[in-house]
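S.K.: Chains as they are written, first to last, in the working numbering: chain A, 1 to 304; chain B, 305 to 853.
Since the hints were derived computationally from the structure, they do not count as laboratory data. A couple of the hints might just be wrong.
[Stated by the list, open to error] A few chain B positions that, by computed beta-carbon distances, are all more than 10 Å from chain A: (1) 363; (2) 584; (3) 723; (4) 835.
[What the hints assert, rightly or not] Label-pair distances were calculated between CB atoms; the ranges are: (5) B/601 - A/27: 35 to 45 Å; (6) B/587 - A/199: 54 to 64 Å; (7) B/587 - A/164: 24 to 34 Å; (8) B/426 - A/110: 56 to 66 Å; (9) B/706 - A/284: 35 to 45 Å; (10) A/111 - B/601: 28 to 38 Å; (11) B/747 - A/110: 51 to 61 Å; (12) B/591 - A/71: 25 to 35 Å; (13) A/249 - B/595: 54 to 64 Å; (14) A/175 - B/426: 47 to 57 Å; (15) B/773 - A/206: 52 to 62 Å.
[Stated by the list, open to error] Residues from chain A that face chain B, not an exhaustive set, calculated with beta carbons under 8 Å: (16) 78; (17) 84; (18) 90; (19) 97; (20) 101; (21) 106; (22) 125; (23) 129; (24) 133; (25) 136; (26) 254; (27) 264.
These numbers were taken from a predicted model, which means no experiment stands behind them. All residues carry an ideal CB built from backbone N, CA and C; glycine is no exception.
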Amino acid sequence: MGATAIRTQGLTKRYGNVAALDHLDLEVTQGEVVGYLGPNGAGKTTTIRLLLGLINPTEGRGEIFGLNCWRQPVQAHGRLAFVAGEANLWPSLTGGETLRLLGRVQGRVDEAYRDELVARFELDPAKKVRAYSKGNRQKVILIAALMTRADLLVLDEPTSGLDPLMEQAFRGSIREARDRGQTVFLSSHIMSEVEALCDRVAILREGKLVEMGTLAQMRHLSALTVEATFEGPVPDLSGVPGVSSVQVDGRVVRCQVRGPVAPLLKVLANADVTELLSREPSLEELFLAQYGGGQDQGVQHAAR
Amino acid sequence: MLHAEHAAWAPGHPAARSPVAIVRLTARKAVRSGAIWGYIFGLAIASSAVSYTRLYKTPAQRDALAAAYGSDKATSALFGPAPQLQTVAGFTVFKISMTLIILGAVWGLLTSTRLLRGEEDNGRWELLLAGQYTRAGAAAQALGGLGAGVFTLWAITGLLTVLTGLDSAVSIGAGPALYFALAMVATAVMFLAVGALTSQVAATRRQAASYAAWFLGASYAVRLIADAGLGLHGLIWASPLGWVEELRPLTAPQPAALVPVAAFTAVLAAATVRLAGTRDVGAGLVPDRASRRSQLRLLGGPAGLAVRLVRPAVIGWWVAIAISALLFGLIARSAGGTISGSSVQQVFAKLGAQGSGAEAVLGVCFLILAVLVAFTAAGQLTAARSEESAGRLDHLLARPVSRWRWLGSRLLVAVVVLLASGVVAGVFGWAGAASQHAGVSFTAMVEAGVNLTPPAITISGIGVLAFGVRPRVTSAVVYALLAWSLLVLIVGSIGSTSHWILDTSVFHQMGSAPATSPHWAADGVMAAIGVAAALIGGIAFNRRDLQAE
C-alpha cells in the first residue's frame, strides 16, 4: 500500500436543503486508477470541485496527498492535474498558446511527451480555440493535464466528444500514466472505459456513495445470470434458494443467482438440460442494477 | 428559455408551432433593457429641464446664456447647435440631447450584437434554428424583438418627458414631448440595425460590436465637422447622428429628417435578413482566421494572460479617448474665448471649472473623458467576472494559482490600464490644445489626465466588492454606479443639488483639472475607498464558491 492520494471524510456540500454530496468517505491510494460512476446530477462534479478547492465543503473535509483541499489548494494543485468535462477555453488563443499558458501555470511540463501527445491526439495547435470542435477542445485540456506528468490526475468525464480512435488514444495514455505510478481519479459514465482502465470503482447515487470496490468484489456481491435450455419439461426454479427473477420462454429459463450456486445446480442436474450458459454481470449491468435501468429488473432485485 | 416552443410541442397542440417564438425570446431581453434605459433617459431629460427653470429664472440670465453659448462654434461642434437657449425646451435639447443620442446608439449596438451575434457565439441560436425556422426568418423575428425593445425605450422616455412637460415652469406639450423622445431614441433604432448588420458581417460578438462602434465614431466625427462652422454644414446629411440633429425637436421640428432615419434602418434591416439567409450559421462574412502562428509571449501566468485578453478592448478605448481628447484640445482655445466673462462661467463653475479660457473648457471636457476612463474600468471588471462565469477560471485555479494571485493580477493590469488611459487623455488633449496655441502646459495636462483615474479606481474597487460578495451582479453594479454617477454629474452641473446626492457620484470629488489643480487629497480618498472595497471583495472572493453560469 502506498501513500494516500485522495481522502475525504464526511465530505458534504449542501445547496439550501439539497445535499449535492452527502457525507462522502473515500480513499484513493497512490498508484491506483479509480473509476467514479454515477448518473447526471449524482454529485460527481461536485466531488471534484470540492477536491479542487473550487467550492467550500458545508461539512467534512477532503485531502489531496494530506493537504487540505480548501485551505491549501495551491500546494495540493502542485501535485495534480485536472481535466474538466467542459473545455471552456479562451476562444482567442490557439491550441498551442493554451498549452503554453496552462503548462507555465502548472510549473512543469514534459515537453517531449507533450509533443508526442499532440501527435497522438492529432491536434492542430495552430488553430484558434474558437475554431476547434468540442472534441478538439477536449483534446487540448487532456494534453494539458497529461503533459505535466502530475502525481494525480483528476478527470471529470474527460472523453466527452472524443471519437472512438481518440478514446483508444486516451486509454493508452491512462495506462501509461498508471505504469509510471501516477494515480488516476476518473469520473465517467462510459462503462467500457471504466471497466477497461480502473482497478476500483465507486458508485455514487443522489450524493451518496453506494458501492466501492474492485470489479471482482462488486460482481461477487451481485447476481450471476444463468440461462438453461431443457430437452424435457421445465422445472420450477422459483423456490430454489438464491434464485430470483425467473423468466420462462418456451424451453429456455433465465434467472439470477446470488450466493452459492449449488442448490440451483442440484435442481438442474435432475432435469434434462441440453445447454447451460452463465455469465458475470458487466459493469453496465451492475450500474443499472444500482439505478434500475428498466432493461433488467431481475438484476435489480437480485442486487438489492 | 424555450418556453414558447415547449408550449407549442405540448400534447394536444400537435400543429401549434409558435410563429413568433424568437420574437418573444428576443423581446423579453430587449424590453427589459429598454425599460431600464427608458427610465434613465426620462430622468435625465426631466432633471435637465427642471434644473434650468431653477437656475435661470430671469429673462436676463437666459439671454446671457444664449449670448454665450448660442453662437459658439466649438460647443456646437461638440454638443450640437444651441438655438433658443432662452427657453426651457431649447436648453434641454442642447444640454441633454448629444449625451442621449450617443448613449442610445451605444445601447442599440450593444443590445443587437448581444442578442444576435452573442446568441450565435454561445450556440443558442443553433438550437432555435434546429426548430422550424429558416435562418432569414429567425433573423427577421429577432429584429422584431429588438423593435419591441426600442419601442419600450421610446414609450418610457416619452412618458417621463410628457410628465415633465406638465410642470408649469417647463410647459412642454405632449406632442412635442413625444417627438423629442422619438428624436432621442432615433439613434438607438438606427444602431440596433447597424449592430444587426455587423452581427452578420463579423464572426464574433466583440468584432461585431467594434465594427458598429467605429461606425458610430465616424458618424460623430462627420457631424462634428459639419457643426464646426467651417462652411461644411451640408455634411450633416452624411451622418446618422446629423439626421437626428436635423429633427430639431422642441425648437424647430423638421419631421422630414425622419425619412433618412427610417430608410437607413429599413435598408440595414433588409440587408441583415438577406445576409442571415445566405451565410453559414456561426460564421461571418469576414472570415475569422481559424489558424495563426502561436504567439507565446505573455503566456507565463495570470497577469500576462490578463494583458492578452483585455488588449483588444483596451486599445479600442484608448483610441476613443485619444481622439476625444485631441478634439477637446483643438476646440479649447476658441471655446474659451467666447465664455470669458459670461454666465457660462457660472455653469462651468458648478462643474468645478474655475477661471476662464481654454483651461476652463478643458476642465469640463475632461469630465467627459473621466466617464470614458470609467467605462474602461467597468469593462475590465465585467471581463474578469466573465472568466469565472464561462468556467475558464477553473482551468487556472485548478492549477497552482491562488485566488489572490489571479485577482491581484487582473486588478494590477486594470490599474495600469487606467493610469495609461489618463496619460493618453492628457497627452492628446495637450497636443490638440498646443496646436492651437491655447497656452496650456504639458505637465498640467498630464496631471489632469492622471486625475481622471481615481473615479475609475473607485468603480473598479466597488466592482470587486460586488464580484466577491455577489458575483452574478458584478456587471449590473458597475454599470449602475457608472450610470448613476453620470446622471448626478449632469444634474449637478445645472441645478443646486444636495451635496449628499452629489457625493454619491464618483465624478463629483475629482477636481476639474486642468481648470483647477487636481484635488490630490480627494483623489487619494477615492482611490483608498476603491482599494478598501477591493480588499473586502478579495477576501470574500477567497472564501466563496466559484460560480459558473
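S.K.: For each hint, tell me whether it holds in the structure or not.
M.R.: The hints, checked one at a time:
Distance to chain A confirms residue 363 of chain B as a non-interface residue, since its nearest Cβ pair spans about 60 Å, more than 10 Å. Its beta-carbon lying about 13 Å from the closest one in chain A, residue 584 of chain B satisfies the requirement of being farther than 10 Å from that chain. The Cβ of residue 723 of chain B sits about 25 Å from the closest Cβ of chain A, beyond the 10 Å cut-off, so the non-interface label holds. Residue placement check: residue 835 of chain B keeps its beta carbon more than 10 Å from all beta carbons of chain A (closest about 24 Å).
At roughly 44 Å, the beta carbons of residue 601 of chain B and residue 27 of chain A sit within the given window of 35 to 45 Å. At about 46 Å, the beta-carbon gap between residue 587 of chain B and residue 199 of chain A misses the expected band of 54 to 64 Å. The hinted range of 24 to 34 Å is satisfied by residue 587 of chain B and residue 164 of chain A, whose Cβ atoms lie roughly 29 Å apart. A hinted range of 56 to 66 Å is violated for the C-beta pair residue 426 of chain B and residue 110 of chain A, which are about 35 Å apart.
Residue 706 of chain B and residue 284 of chain A have their C-beta atoms about 41 Å apart, which keeps the hinted 35 to 45 Å range intact. In this structure, residue 111 of chain A and residue 601 of chain B break the distance hint of 28 to 38 Å, their C-beta atoms being roughly 18 Å apart. Between residue 747 of chain B and residue 110 of chain A, the C-beta spacing of about 54 Å keeps the proposed range 51 to 61 Å intact. The hint said 25 to 35 Å for the Cβ distance between residue 591 of chain B and residue 71 of chain A, and at roughly 49 Å that hint is violated.
Checked against the hint of 54 to 64 Å, the pair residue 249 of chain A and residue 595 of chain B passes, with Cβ atoms roughly 59 Å apart. Checked against the hint of 47 to 57 Å, the pair residue 175 of chain A and residue 426 of chain B fails, with Cβ atoms roughly 37 Å apart. For residue 773 of chain B paired with residue 206 of chain A, a C-beta distance near 31 Å fails the hint of 52 to 62 Å. A least Cβ separation of about 5 Å between residue 78 of chain A and chain B falls short of the 8 Å threshold, and the interface hint therefore holds.
Because the closest C-beta pair between residue 84 of chain A and chain B is about 6 Å apart, less than 8 Å, the hint holds. With a least beta-carbon distance of about 6 Å to chain B, the hint placing residue 90 of chain A at the interface is held under the 8 Å criterion. About 5 Å separates the beta-carbon of residue 97 of chain A from the nearest beta-carbon of chain B, less than 8 Å, and the hint is met. A least Cβ separation of about 4 Å between residue 101 of chain A and chain B falls short of the 8 Å threshold, and the interface hint therefore holds.
Of the supplied interface hints, the one on residue 106 of chain A holds, with its beta-carbon coming within about 5 Å of a beta-carbon of chain B, less than 8 Å. Look at residue 125 of chain A: its Cβ gets to within about 7 Å of chain B, closer than 8 Å, so that hint holds up. At its closest, the beta carbon of residue 129 of chain A sits 10 Å from a beta carbon of chain B; the interface hint therefore is violated under the 8 Å criterion. The interface hint given for residue 133 of chain A is broken, as the beta carbon of that residue sits about 12 Å from the closest beta carbon of chain B, more than 8 Å.
With 8 Å as the threshold, the beta carbon of residue 136 of chain A stays out of range of chain B, its nearest partner Cβ sitting at about 11 Å, so the hint is violated. Because the beta carbon of residue 254 of chain A sits about 37 Å from the nearest beta carbon in chain B, more than 8 Å, this interface hint is broken. Hint status for residue 264 of chain A: violated, given a least beta-carbon distance of 47 Å to chain B, over 8 Å.
Of the numbered hints listed earlier, those contradicted by the structure are 6, 8, 10, 12, 14, 15, 23, 24, 25, 26, 27.
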